[in-house]
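**Q** One letter stands for each residue in the lines below.
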Amino acid sequence: MSEAAYTSDEMMTIQAARMIRNGVTLFVGIGLPSAAANLARLTHAPDTVLIYESGTIGAKPTVLPLSIGDGELSETADAVVSIPEIFSYWLQGGRIGLGFLGAAQIDKYANINSTVIGDYNQPKVRLPGSGGAQEIAGFCGEVLITLRQNNRAFVKKLDFLTSGGHFEGGNSRQKLGLPGKGPTAVITDLGILTPDPVTKELKLTSLHPGVAVEQVIAATGWPLKVAAKLDATSPPTSAELNVLRDLNERTARAHAGQA
Amino acid sequence: MAHLLPLSEAIRETVRDGDTVALEGFTHLIPFAAGHEIIRQARRDLTVIRLTPDLIYDQLIGAGCVKKLVFSWGGNPGVGSLHRLRDAVENGWPQPLEIEEHAHAGMAAAYSAGAANLPFGMLRGYVGTDLTKYNQRIKFIDCPFTGQKLAAIPAHRPDVTVIHAQKADRKGNVLMWGVVGVQKEAVLAAKRAIVTVEEIVDDLHAPPNSVVLPSWILSAVCEVKGGAFPSYAQGYYPRDNAFYKGWDVIARERETFKTWIDRHVLGTKDFAGFKRSLEGTTSHV
Numbered sequence: 001m002s003e004a005a006y007t008s009d010e011m012m013t014i015q016a017a018r019m020i021r022n023g024v025t026l027f028v029g030i031g032l033p034s035a036a037a038n039l040a041r042l043t044h045a046p047d048t049v050l051i052y053e054s055g056t057i058g059a060k061p062t063v064l065p066l067s068i069g070d071g072e073l074s075e076t077a078d079a080v081v082s083i084p085e086i087f088s089y090w091l092q093g094g095r096i097g098l099g100f101l102g103a104a105q106i107d108k109y110a111n112i113n114s115t116v117i118g119d120y121n122q123p124k125v126r127l128p129g130s131g132g133a134q135e136i137a138g139f140c141g142e143v144l145i146t147l148r149q150n151n152r153a154f155v156k157k158l159d160f161l162t163s164g165g166h167f168e169g170g171n172s173r174q175k176l177g178l179p180g181k182g183p184t185a186v187i188t189d190l191g192i193l194t195p196d197p198v199t200k201e202l203k204l205t206s207l208h209p210g211v212a213v214e215q216v217i218a219a220t221g222w223p224l225k226v227a228a229k230l231d232a233t234s235p236p237t238s239a240e241l242n243v244l245r246d247l248n249e250r251t252a253r254a255h256a257g258q259a
Numbered sequence: 001m002a003h004l005l006p007l008s009e010a011i012r013e014t015v016r017d018g019d020t021v022a023l024e025g026f027t028h029l030i031p032f033a034a035g036h037e038i039i040r041q042a043r044r045d046l047t048v049i050r051l052t053p054d055l056i057y058d059q060l061i062g063a064g065c066v067k068k069l070v071f072s073w074g075g076n077p078g079v080g081s082l083h084r085l086r087d088a089v090e091n092g093w094p095q096p097l098e099i100e101e102h103a104h105a106g107m108a109a110a111y112s113a114g115a116a117n118l119p120f121g122m123l124r125g126y127v128g129t130d131l132t133k134y135n136q137r138i139k140f141i142d143c144p145f146t147g148q149k150l151a152a153i154p155a156h157r158p159d160v161t162v163i164h165a166q167k168a169d170r171k172g173n174v175l176m177w178g179v180v181g182v183q184k185e186a187v188l189a190a191k192r193a194i195v196t197v198e199e200i201v202d203d204l205h206a207p208p209n210s211v212v213l214p215s216w217i218l219s220a221v222c223e224v225k226g227g228a229f230p231s232y233a234q235g236y237y238p239r240d241n242a243f244y245k246g247w248d249v250i251a252r253e254r255e256t257f258k259t260w261i262d263r264h265v266l267g268t269k270d271f272a273g274f275k276r277s278l279e280g281t282t283s284h285v
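So the sequences go chain by chain: P and U. When we follow our numbering, the leftmost residue of the first sequence carries the number 1, and every step to the right adds one. When we follow our numbering, the leftmost residue of the second sequence carries the number 1, and every step to the right adds one.
These are calculated hints, taken from the structure and not from any lab test. Quick caveat, the model's predicted, so the values are computed rather than measured. Please note: incorrect hints may appear among the correct ones.
Stated by the list, open to error - Below, in silico cross-link-like pairs of lysine to any residue (SDA-like), each with a Cα-Cα straight-line distance of 20 Å or less:
1) K124(P) x P96(U)
2) K225(P) x L207(P)
3) K139(U) x R253(P)
4) K225(U) x R252(U)
5) K149(U) x Y89(P)
6) K245(U) x R253(P)
7) K258(U) x G235(U)
8) K175(P) x K258(U)
9) K149(U) x G93(P)
What the hints assert, rightly or not - Listing some non-contacts, in silico: residues in chain P with all C-beta distances to chain U over 12 Å:
10) S8
11) G31
12) T43
13) D47
14) V63
15) K124
16) N150
17) N151
18) R152
19) G164
20) P197
21) V198
22) S206
23) V211
24) A232
25) L241
Unchecked claim - With beta-carbon atoms standing in for the labels, derived distance ranges:
26) G147(U) x E168(P): 20 to 28 Å
27) R44(U) x A5(P): 40 to 48 Å
28) R276(U) x W222(P): 54 to 62 Å
Positions of the beta carbon are idealized from the N, C-alpha and C atoms, including for glycine.
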C-alpha cells in the first residue's frame, strides 16, 4: 500500500470515483462529481458513459470541463441532443443508471439543498438553484452524492429542499411515485455514509484513513448513527493520485490558457 | 422573412421596454453581442428568461435593464456566484429583482409547450421539493388515463427570443450545431426572433436533419463575428474559461462592475469595439 501524502479532498474524489462501476450510464453534475466521474473513466471504469445536462451523451473529455457544456464535451461525445430531449427522453425516460450530485446542504435522509441559505425571500446566501439536480435526483436508477462534511453542510433541517433523496425516510420516496433507489451513498472528505435499508437514515459506514469517528459525528448537524461494523476506506494508491493530479494539472492549464 | 440587418438596428426594431425576452444558448452560442446592444440601447423593465442566467444576464441585471428573471440555474459555471444577480436578489441593487425559479426540465417543458402552442408544459418531477412552495406557476395535475400526478408549467411565450448560431445564408436561413440547448424551442415559442451568426455564406451545406431555422420564422439575422464571446461557437472559437473566472473579480463589487460596463460596453459602439477595448487588458478588467 502506498504511503504517499494526499489531501482529504483527493481522498474524497478518489473514493467517489471508486464507487462508479465500469460501464454504467452516468448523469454528471459539475464540480466534484465531474472530477470523480472522469477519474473513474481514466482508471478502472473506461466504459462509463458520461452524460452531461447540456445534452452530451458519451462525453470523453481530456480535461475537466469548467461548465457542463464546454466544447470539450460536445466534441468528444457519441451524440449531442437538445435540452428538451436530454431531460425528457433520456433522464425522465428512465435511461440513466446513475446520477452524481454535489450539494450545499444535506439532511439525514440525503435530501439536498443547492438553492438558498436562509429564507428564500430574504436569503443570507443565494446559491445557483436546481439546474438539473432535481431531475437527476428524481429519475436516475440510483444517486451518489459527494460533498465536504461539516455541520454547516450536514444539517438537521435544510433551508430549502431542492432535490429529493429519501424525503421523510422509510418508503416515502416510493409513495411520491419516484422511480429508482434514490441516494445509495454520500462520499465526503471524512468517510462514506449510506442509507439504512429500512429507515433510509444515513449512517456512517466507512471511515477514511486518519479520521476519528468523533470527528465525523462533530461534523454532522444531527445525531449521526454509526454502523456496528465500520469499514476502513483504503487510502489512495499512487496510481490513483497520479491520474487525478495529472487531470487537475491539465485542467488548470487549459482553463488558464484560453484568455 | 428575416431581414439581414446590423445588430443595433435589429435590437432597436425588435426589443421594447417591458418586453419578455429570452436570450438563449446553453453554455455554447450565448448571444453576448445582442445582450450588450440591449444594454447600450438602455432597454428597461425587461422580463428575461434563460435556463442559466450566466454572465449575459449578470450584465443585463447589473446594468439595470431587468425587472424580472425566470431561470433554473443562476451561477457562474464552475466558478461560483453571479454577483450582480445575487446583489439584486439579496440587496435590491441596482433595483429589486423579481424571480421566478424552475428546474431545467421545467424550463425545457415550458419552451416546448410555447413552441407547440400548448398552454402548459408537462413533466414528472418537482414532487416533494420546495420550489413548488415558492413558485405558484408550478402546479400538479392528474393524468386523465392513469391518475398519475404530473407537474404543469405555463408555456413560455417570449415577445422576443435572441440566439446566436454559426451560419446563415443570404436569405436568412440559419444553421447551428453542437450543444443546441433550447434555442429551437425558444425561437418557435416567441413572437419575434433575432439570430446573430458568425458568418453569412452563399450555401449552408446543411446535412439533412441538422438544426436549421428557416428564414420565414425569424425577424432579423445579423452577422456578428465572435458574437458569442466569452462563450463559444463550435467550429469557430473555444469558450474563454479565463474570462469566466475573471468575471468573478469584475462583478464582485458594484464599482468594478460599473467601471467595466462603462468602459467596455457603454463606452464602445458595437461588439467589435468591445472586443478591441479588451485588448491589452489583464484579466479583462
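**Q** Are there hints from earlier that the structure breaks, and if so, what are their numbers?
**A** Hints 3, 4, 7, 8, 11, 14, 15, 19 and 27 are the ones this structure does not satisfy, whereas the remaining hints hold.
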